[in-house]
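**Student:** These protein sequence lines map, in sequence, to chains A and B. For the working numbering, add 94 to where a residue sits in the first sequence, where the first one is 1. For the working numbering, add 9 to where a residue sits in the second sequence, where the first one is 1.
Careful, some of the hints might be misleading.
What the hints assert, rightly or not - Sample of chain B residues lacking proximity to chain A, with all beta carbon distances greater than 12 Å (derived):
#  : residue
1  : 80
2  : 82
3  : 135
4  : 167
5  : 191
6  : 195
7  : 204
8  : 256
9  : 260
10 : 285
To be verified - Heads up, incomplete: computed chain A residues facing chain B, CB under 8 Å, no partners named:
#  : residue
11 : 122
12 : 141
13 : 150
14 : 153
15 : 212
No lab work stands behind these hints: they were computed from the structure. Idealized CB from N, CA, C, for every residue including glycine.
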Amino acid sequence: MSDLFRNIIRFALFILIQVYVLDKVPALHRFIVPYLYFLFLLWLPFSISRVALLFVGFALGLTLDYFTMTPGLHAAACLLLAYLRPFVINILAPKDTAGFNYREPSPKAMGWTPYSVYVLILTAAHHTYMVFLEWLDTGRFLDFIIKVIATTGISMLLIFTVELLVPRKLKFRTNTA
Amino acid sequence: MRNIFLFIRRYFTFFAFLVLQGVSLWFLFSYNRFHRAKFLGIANEFTGRVNTQFNKVEDYLYLKEENRHLHAMNDSLLNARIQDFMLRDTSLKYVKDSLPFDTLGHFRRYFFRPATVVYNSVNSQKNFIQLNRGSDQGIKDNMGVLSSDGYAVGVVVAVSANFCQVMSLLNVKSTISATLKKTGEFGLLEWDGKDPRYIYMRRVPKTSDVLKGDTVMTSPYSFSIPPGYIVGTIADVKVDNATGLYDLKVKTSVNFYRLQQVHIVENLQYDEQAKLFEDTRIKTEETKKVPR
Chain A
95 MSDLFRNIIR FALFILIQVY VLDKVPALHR FIVPYLYFLF LLWLPFSISR
145 VALLFVGFAL GLTLDYFTMT PGLHAAACLL LAYLRPFVIN ILAPKDTAGF
195 NYREPSPKAM GWTPYSVYVL ILTAAHHTYM VFLEWLDTGR FLDFIIKVIA
245 TTGISMLLIF TVELLVPRKL KFRTNTA
Chain B
10 MRNIFLFIRR YFTFFAFLVL QGVSLWFLFS YNRFHRAKFL GIANEFTGRV
60 NTQFNKVEDY LYLKEENRHL HAMNDSLLNA RIQDFMLRDT SLKYVKDSLP
110 FDTLGHFRRY FFRPATVVYN SVNSQKNFIQ LNRGSDQGIK DNMGVLSSDG
160 YAVGVVVAVS ANFCQVMSLL NVKSTISATL KKTGEFGLLE WDGKDPRYIY
210 MRRVPKTSDV LKGDTVMTSP YSFSIPPGYI VGTIADVKVD NATGLYDLKV
260 KTSVNFYRLQ QVHIVENLQY DEQAKLFEDT RIKTEETKKV PR
């Protein structure tokens with residue numbers, strides 16, 4: 095399966111799961127809103143160009159926005175995530191080899207600790223920005239802080255559950271490909 | 010000049026980020042005007058189609074509950090039929106007129122259309138409900154929406170050809186006029202974005218004798234929602250210290266978690282009322298919105 099085809103399927107799956115499963119789950123608490131869809135951006139190949147990444151992020155956010163009737167909210171947050179991703183990967187890239195041996199970021203490709211840091215930084219950035227935009231309309235500052243922490247926590251939990259439960263076929267990067 | 014191009018090329022990613030960020034923030038903050046007119050119609054058609062497919066599955070899961078509601082409503086309507094009544098006095102005949110106008114000048118004010126919910130959320134701060142009726146079926150902005158039990162749900166805010174979006178009571182931007190059944194005082198229904206089971210009725214005068222458990226109904230002042238339909242019951246009575254008026258916590262009668270069938274109510278005099286209101290506003294130069 096080519097990378098393009100695989101990512102198109104992932105795009106649709108993440109949007110559908112977010113809209114029809116996670117948004118439908120009765121809220122445990124008003125601060126805890128489960129978000130998982132942006133994992134699509136974290137799973138994109140290392141080789142994707144930075145500009146392409148921005149446009150993919152924008153498209154993903156906007157698609158979800160039209161389902162949730164909040165045009166621009168998720169798009170803005172996903173853009174920030176897409177913009178920051180190459181910087182975070184650069185920081186975490188191993189110094190001794192030319193790059194990563196695998197095509198996509200994953201615990202196997204990066205090691206558990208760097209991968210956790212990668213996920214945590216980008217998740218926190220995404221949620222902080224999104225909750226901030228939401229908070230501009232209503233809310234108190236304490237609510238804002240608690241909501242950022244709670245949603246980041248629940249997203250981290252979801253992402254690691256997905257990493258452990260869903261096996262991804264990881265291809266070695268070869269010279270022929 | 011060459012240096013400028015080089016500079017732009019060097020930081021192309023950053024500029025792309027800024028431009029797209031600008032576009033999304035513009036979408037977010039100019040949502041009400043441009044966006045609704047241009048993109049939302051198209052996007053609405055698409056999400057509406059996907060939502061309809063998903064709804065087929067979801068409807069199935071709630072069939073039993075929905076059947077119960079439908080049956081209860083049918084039952085009450087059956088009880089109102091003319092065949093149910095008989096007059097003892099044979100010299101009088103009881104006739105119910107089904108025409109819009111009768112000789113005494115009664116005319117139809119509200120017209121009800123059934124609709125099905127295809128998308129609904131309660132987790133967001135601004136919750137919208139999508140219904141499978143649109144401008145092709147005669148739906149217009151500012152029509153009221155009642156649940157299958159006859160409880161207030163919200164007001165239509167955007168319409169495409171076959172779908173419409175309803176701003177539900179669970180939207181921090183929603184303000185709907187309401188009245189207390191017992192004493193008749195008026196207030197505004199608002200939501201604080203926290204618990205989807207409770208909304209707030211604000212600015213109720215302290216002179217009114219309010220108790221826990223009192224019924225809140227839709228008010229005759231609303232242009233969109235017909236009066237006399239139940240909104241909910243009072244769960245908590247508090248005094249707002251800033252204004253000295255009551256802030257009533259209202260438990261909504263509608264269960265927003267499982268909303269399936271609704272009625273869209275058209276106020277046939279809406280245009281006339283709104284126009285009069287607008288004319289008054291222009292004459293007196295007040296900046297008040299049309300009440301919902």
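**Student:** Now tell me, hint by hint, if it's right for this structure.
**Tutor:** Hint check:
no. : hint : in the structure
1   : 80   : 26 Å, holds
2   : 82   : 25 Å, holds
3   : 135  : 7 Å, violated
4   : 167  : 9 Å, violated
5   : 191  : 31 Å, holds
6   : 195  : 24 Å, holds
7   : 204  : 7 Å, violated
8   : 256  : 16 Å, holds
9   : 260  : 16 Å, holds
10  : 285  : 31 Å, holds
11  : 122  : 10 Å, violated
12  : 141  : 15 Å, violated
13  : 150  : 11 Å, violated
14  : 153  : 10 Å, violated
15  : 212  : 19 Å, violated
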